[in-house]
Amino acid sequence: MNRTMYDLIGLAAGVCFILALKGLSHPKTARRGNLIGALGATIATLVVFAYNAPLNNLGWIVGAIAVGSLIGVPAARRVQMTQMPQLVALFNGVGGGAAALVAIVEYLALGSDASTAVVIFTVFTVVVGCVSFSGSIITFLKLQELMTTRPVVFPGGRFVIAATLASVLGVSGWVVVALGTTPLLILAALSLLFGVLFVLPVGGADVPIVISLLNAFTGLTVAASGYVLDSTLLIIAGTLVGASGTILTRLMADAMGRSLFGTLFGAFTAKPQDASAAGEERPVRSGSPDDVAILLNYARRVVIVPGFGLAVAQAQHTVRELADLMISKGIDVAYGIHPVAGRMPGHMNVLLAEANVPYDQLAEMDEVNPTFGQTDVAIVIGANDVVNPAAQTTPGCPIYGMPILEVSNSANVIFLKRSMRPGFAGIENELLYDPKTMLLFGDAKASLTKVVSALKAL
Amino acid sequence: MNRTMYDLIGLAAGVCFILALKGLSHPKTARRGNLIGALGATIATLVVFAYNAPLNNLGWIVGAIAVGSLIGVPAARRVQMTQMPQLVALFNGVGGGAAALVAIVEYLALGSDASTAVVIFTVFTVVVGCVSFSGSIITFLKLQELMTTRPVVFPGGRFVIAATLASVLGVSGWVVVALGTTPLLILAALSLLFGVLFVLPVGGADVPIVISLLNAFTGLTVAASGYVLDSTLLIIAGTLVGASGTILTRLMADAMGRSLFGTLFGAFTAKPQDASAAGEERPVRSGSPDDVAILLNYARRVVIVPGFGLAVAQAQHTVRELADLMISKGIDVAYGIHPVAGRMPGHMNVLLAEANVPYDQLAEMDEVNPTFGQTDVAIVIGANDVVNPAAQTTPGCPIYGMPILEVSNSANVIFLKRSMRPGFAGIENELLYDPKTMLLFGDAKASLTKVVSALKAL
Amino acid sequence: MDAMAIVSIFVLAVFVGFEVVSKVSSTLHTPLMSGANAIHGVILVGAIIVADHSETTLELGLSVAAIILATINMIGGFVVTDRMLEMFKGNKKGADK
Amino acid sequence: MDAMAIVSIFVLAVFVGFEVVSKVSSTLHTPLMSGANAIHGVILVGAIIVADHSETTLELGLSVAAIILATINMIGGFVVTDRMLEMFKGNKKGADK
Ligand SMILES: NC(=O)c1ccc[n+]([C@@H]2O[C@H](COP(=O)([O-])OP(=O)(O)OC[C@H]3O[C@@H](n4cnc5c(N)ncnc54)[C@H](OP(=O)(O)O)[C@@H]3O)[C@@H](O)[C@H]2O)c1
Ligand SMILES: NC(=O)c1ccc[n+]([C@@H]2O[C@H](COP(=O)([O-])OP(=O)(O)OC[C@H]3O[C@@H](n4cnc5c(N)ncnc54)[C@H](OP(=O)(O)O)[C@@H]3O)[C@@H](O)[C@H]2O)c1
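Residue numbers (the numbering used here), protein chains in the order written: chain A, 1 to 458; chain B, 1001 to 1458; chain C, 2001 to 2097; chain D, 3001 to 3097.
Do not rely on the hints blindly, as some may be mistaken.
What the hints assert, rightly or not - PhoX-like cross-link-like pairs, simulated, lysine-lysine; straight-line CA separation at most 20 Å:
| # | chain 1 | residue 1 | chain 2 | residue 2 |
| --- | --- | --- | --- | --- |
| 1 | B | Lys1022 | A | Lys22 |
| 2 | C | Lys2023 | A | Lys456 |
| 3 | A | Lys450 | D | Lys3023 |
| 4 | D | Lys3023 | B | Lys1022 |
| 5 | B | Lys1329 | B | Lys1436 |
| 6 | C | Lys2023 | A | Lys329 |
| 7 | A | Lys436 | A | Lys329 |
| 8 | B | Lys1329 | B | Lys1456 |
| 9 | A | Lys329 | A | Lys456 |
| 10 | C | Lys2023 | D | Lys3023 |
| 11 | C | Lys2023 | B | Lys1028 |
| 12 | B | Lys1022 | C | Lys2023 |
| 13 | A | Lys22 | D | Lys3023 |
| 14 | B | Lys1450 | D | Lys3023 |
Simulated from the structure, these hints should not be mistaken for lab results.
Construct the entire structure; sequences and hints are all you get.
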């Protein structure tokens, strides 16, 4: 296969990626878009084999691909929906790692004849790839709740971070000037460290934003490798991801009502917060399934606010049962969907869609907020941060500024949760102590089942 | 100035053009977008001078630019709003002509060492440039009504066109193979002819669509010249215009309810039409300003349908006066705006905006059509095609398929026009003979003034 | 610049062109067309280049003609577009729609 | 390919990237991120190239590691994205919103 052919097919793959992103940004075409992307990736991979055939180390290469597939596919197939975001984070991390490794190999292979540009781009890839790798791992640990989801901030932390960044830049310069393996490895180590420090202070709602950002980073490293390896395809694909990732990061930040700047430089500005520890001893009003049933029975309008807990309890079908029952009793029922309820945007839509909840019962935040005034009961099922008044009242708390569902405007609020433990952002929710609030402790599914039968009984 | 610098500045100009199109497609940023485009063009021009300095024939070049400006600027400044579309057509034509001339010069200068690709692109530019030139001139004549706006079709016309196209392609091949001036000039002549034949059969509403198409063509020629002259800027700018122009053509066609295919290949498919000649002798119900005033006075809801005639009569202020008067009498008044009323999209919005008509009184076609049922009087001021039922009833008539304002659903229809002459598309309007229709003959402004005073008197 | 690069640039520019205007409201069709039309006036650059290279009087004559036409297209185009848009000032609110 | 071409391609690709996703609805943020994430898995191509060129065992080892990671990113990414989107099947109507 001649070079032109190779390049043209590469370009075709690039076009596939454009079409993929285009498709992915419209609900109707999203799935097809993803498949087109996969097609492009396949073409790109096959054509390398064809063009460079016969490849040296062919066995190793094929073997490695096999291993990668054997790890990646099952992971992607088995993962629970609730854990997809952290899996994406993980995938993004390994992508960054791959880019970094490729760059390191290029670096080792660099002749002294290498142009400065090439060296710079190589070093750039190593640094950003490593940051993306370690940073993504941390976000994974946070989302997987293998470590606290709250901002990890230690006194003077920001100086440590600044220092690390400075030394990364310094060593980069050194590595560019004086080609050498040791400095490169030091640089890689420093970059990994910086990635960790960069993400640690990020907490709660900002995590998905940071994933998206690191995703864009990885894209740029791919583009840079494309320059070094003289592959237009990698340049196009990488740049596409870098650009769209950046926009997407901004869009996400807006959707969650976060300042992107705050997120990015949170690392440098974050001060240790005294987010009150969960589970203090303060009186709360907890009720029985029957109490809840009675409240619901005499309500004219009820708004159901689902959250992450609903997904954990897999209670989507039960909640629908309850809703239908209430509707049959002539109660006006709506679901209040917060854009970031759950662990991924659209999480609740997806979850309730599984239970075939009629779409017109789902009300977005802006629609539903004005209606709480006329709502008799807001029943909050496994949600917490998205209804936490602290977002409006407590400057400096991790979710401050995030728009919330203002359930407190309704006559009664019912919380279904298992304990007094806080939610994702790890902060106390004053609303739980509000006199108009009633708590029904227990797993959402169990509680809902009880409520349903109690309501039937009435 | 070194090459890299030159290219980078060129790229910057290209980016300006992208931003220009981006801006132009949003009302708030449109004007700034246009200025950014102008900026890009200026940069592009200056940098050529700088890079190739000192230019040969500098005097000639500067002189020519001066002449061009002295022609273009006043034309653009003086033109009446109603004539802007044809001016745009004209500008597009000269652009195509310029591209063709440039290509001819390149062709003359071509050494025998020129690569086939270069030759092909040069010839392509000559052909398409000429088509765009002559075609645009025809559209200009049509819009300027220096010739009939109706499709010009002669028996067997489509075969002539097909033949011309064939010979254009044939000669192109010849010119590519055997470099020679005579064949090139023949080719140019044939292309000019084809442009004329291509546009002649296009009538009425399709004209602006064709302008947009020719505009896209010119863009492509510029891109081709960019390849020949090794100028990335020209390639980018030309391609941008080509691509956006194509989309825009489709959007326009949709807005006017025309099939793009029908428009493009209309030339080949168009059959001589028996669009009934204007002004037959058939009874119509014509009324006096007082009759109109009385009808309006006792109406609960009135819809005003402005058209090209309102612009001709410059009656926008008078119509507003009438509307305000009716509103003061408690009559519910709305303006029904057809997307292609007038001679350019948005023509009516612009016109009424001049008279500061409150925006909320302007109703788009889709909003207003369902309301005619509850409308007592639809007063059609200098509009014709956009309310012509033939668009729905008469297959094969030039405007067939164009969505219209269904004024005939309202209890009474009043037409303000000067005569029984048809509108732009040159076809009879049955509605004028409808018993529920009353005609008030005369210049729209004069008639409106009379109606206003009559209505005041009541 | 090698052919491949040009093809890539062309393809990408096509996508940019498509995407950028794909959401324009019908009110802006004419100004947008007019603006795009002005943009292809940059053929002026090409005209200048060939004028610079012209040896024969014929070539020069044609180039000069090309420059005149291109300038009309470019400058006239931007001016008329600006005038069209100026008319929208009236109803910003409308424009927002 | 000369530097200029690369810069042009980069700039244009940036615009395409921006434009293409700029209108995505918040429901699709996660799938879109996941899809884009899968796309940068094409670094696999790069990994294969360096593996092909590897002389030393160190280079080969690193390349092989890179290939494994890249494959996980690419294939895993597309599969998980597809699964996410599969879940939307439920409410096409919702999705349309
Ligand atoms: N949507 C996104 O894109 C996204 C991504 C990442 C992070 N986030 C963040 O995630 C949070 C989402 O807010 P949220 O209100 O939906 O969830 P949340 O704030 O995390 O609260 C979930 C609540 O559900 C309860 N819960 C857990 N398992 C339960 C079960 N089996 N039965 C009943 N209750 C259960 C928990 O209390 P108990 O433990 O006491 O039961 C917890 O209070 C926000 O902070 C958002 O920023 C969102
Ligand atoms: N909007 C665009 O983008 C665009 C562009 C090009 C073409 N077009 C086409 O233009 C047409 C627009 O339809 P339209 O209904 O607005 O206009 P029209 O169909 O051209 O009808 C205009 C009417 O106004 C009357 N008129 C002219 N001067 C007048 C005056 N001073 N006082 C009173 N009446 C006057 C004419 O009748 P009298 O002569 O008897 O007075 C004529 O019947 C459509 O066919 C459309 O496709 C639109």
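Cross-check of the supplied hints:
1. B:Lys1022 - A:Lys22: holds (17 Å)
2. C:Lys2023 - A:Lys456: violated (51 Å)
3. A:Lys450 - D:Lys3023: Violated - the C-alpha atoms of Lys3023 of chain D and Lys450 of chain A are around 43 Å apart, more than 20 Å.
4. D:Lys3023 - B:Lys1022: With a Cα-Cα distance of about 14 Å, the restraint between Lys3023 of chain D and Lys1022 of chain B holds, given a limit of 20 Å.
5. B:Lys1329 - B:Lys1436: violated (24 Å)
6. C:Lys2023 - A:Lys329: violated (45 Å)
7. A:Lys436 - A:Lys329: Answer violated: Lys436 of chain A to Lys329 of chain A is near 24 Å, above 20 Å.
8. B:Lys1329 - B:Lys1456: holds (10 Å)
9. A:Lys329 - A:Lys456: holds (10 Å)
10. C:Lys2023 - D:Lys3023: holds (10 Å)
11. C:Lys2023 - B:Lys1028: holds (14 Å)
12. B:Lys1022 - C:Lys2023: holds (10 Å)
13. A:Lys22 - D:Lys3023: holds (10 Å)
14. B:Lys1450 - D:Lys3023: With a Cα-Cα distance of about 51 Å, the restraint between Lys1450 of chain B and Lys3023 of chain D is violated, given a limit of 20 Å.
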